[in-house]
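> Sequence:
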Amino acid sequence: MARISPLVALPPLAFAALAGMFLWGMGRDDPEALPSTMIGREAPAVPQTTLPGKTQLTDAMLREPGVKLVNFWASWCPPCRAEHPTLMELSERLPVYGVDLKDPEANALEFLKEDGDPFHAIATDPKGRGAIDWGVTAPPETFIVNGEGEILYRFAGPMVREDYTNRFVPELEKALAAEE
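Converting from the sequence shown to this note's numbering requires adding 36 to each position, the first position being numbered 1.
Quick caveat, the hints were computed from the structure, so don't treat them as lab data.
Please note: incorrect hints may appear among the correct ones.
Unchecked claim - The calculated BS3-like cross-link candidates involving lysine-lysine, where the alpha carbons are at most 25 Å apart (straight line), are:
id	residue 1	residue 2
1	Lys90	Lys149
2	Lys163	Lys149
3	Lys163	Lys90
4	Lys149	Lys138
5	Lys138	Lys90
Using the sequences plus the hints, can you model the full thing?
Right, dumping it as structure tokens:
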């Protein structure tokens, strides 16, 4: 009687493993989302430079009581311009801090002069090193930070329309409720 080689079982097992991996991937909540490794961790240091005439964002500000936002932005970034009215509204409710990313000072200042300045304090990150420490992939990105300086949520992309109301607002409300 001829023996069947165990290698014959290898292709069906590989197929079953791939099928299982694909099924798992389709069942994820948001397959487009890139989870942040920063959630639940202390906010990294912010760059220690600012725009002329603006208040310098400091690490101590991120540890002050209350929920606050840290927004990585740039004047050359069209999605940043699209979300700017949202930041203006949010800055009336809570502190919004900005990190200007790889932007010439004159361009950033002109942008804030034309469209308004929603930022309570600003840091500049001309080389993008601070953005790397925060895990920023591309502007705009906004982080919700609690009173202990812990990152609660990361929102990648512009805060506009349904994406803003369906994803960001519930996380912000949850953070505000936890601080009460």
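> Next, verify each hint and record whether it holds.
Results for each hint:
| no. | hint | in the structure |
| --- | --- | --- |
| 1 | Lys90 / Lys149 | holds, 12 Å |
| 2 | Lys163 / Lys149 | holds, 23 Å |
| 3 | Lys163 / Lys90 | holds, 19 Å |
| 4 | Lys149 / Lys138 | holds, 18 Å |
| 5 | Lys138 / Lys90 | holds, 17 Å |
The structure is consistent with each of the numbered hints, conforming to all of them.
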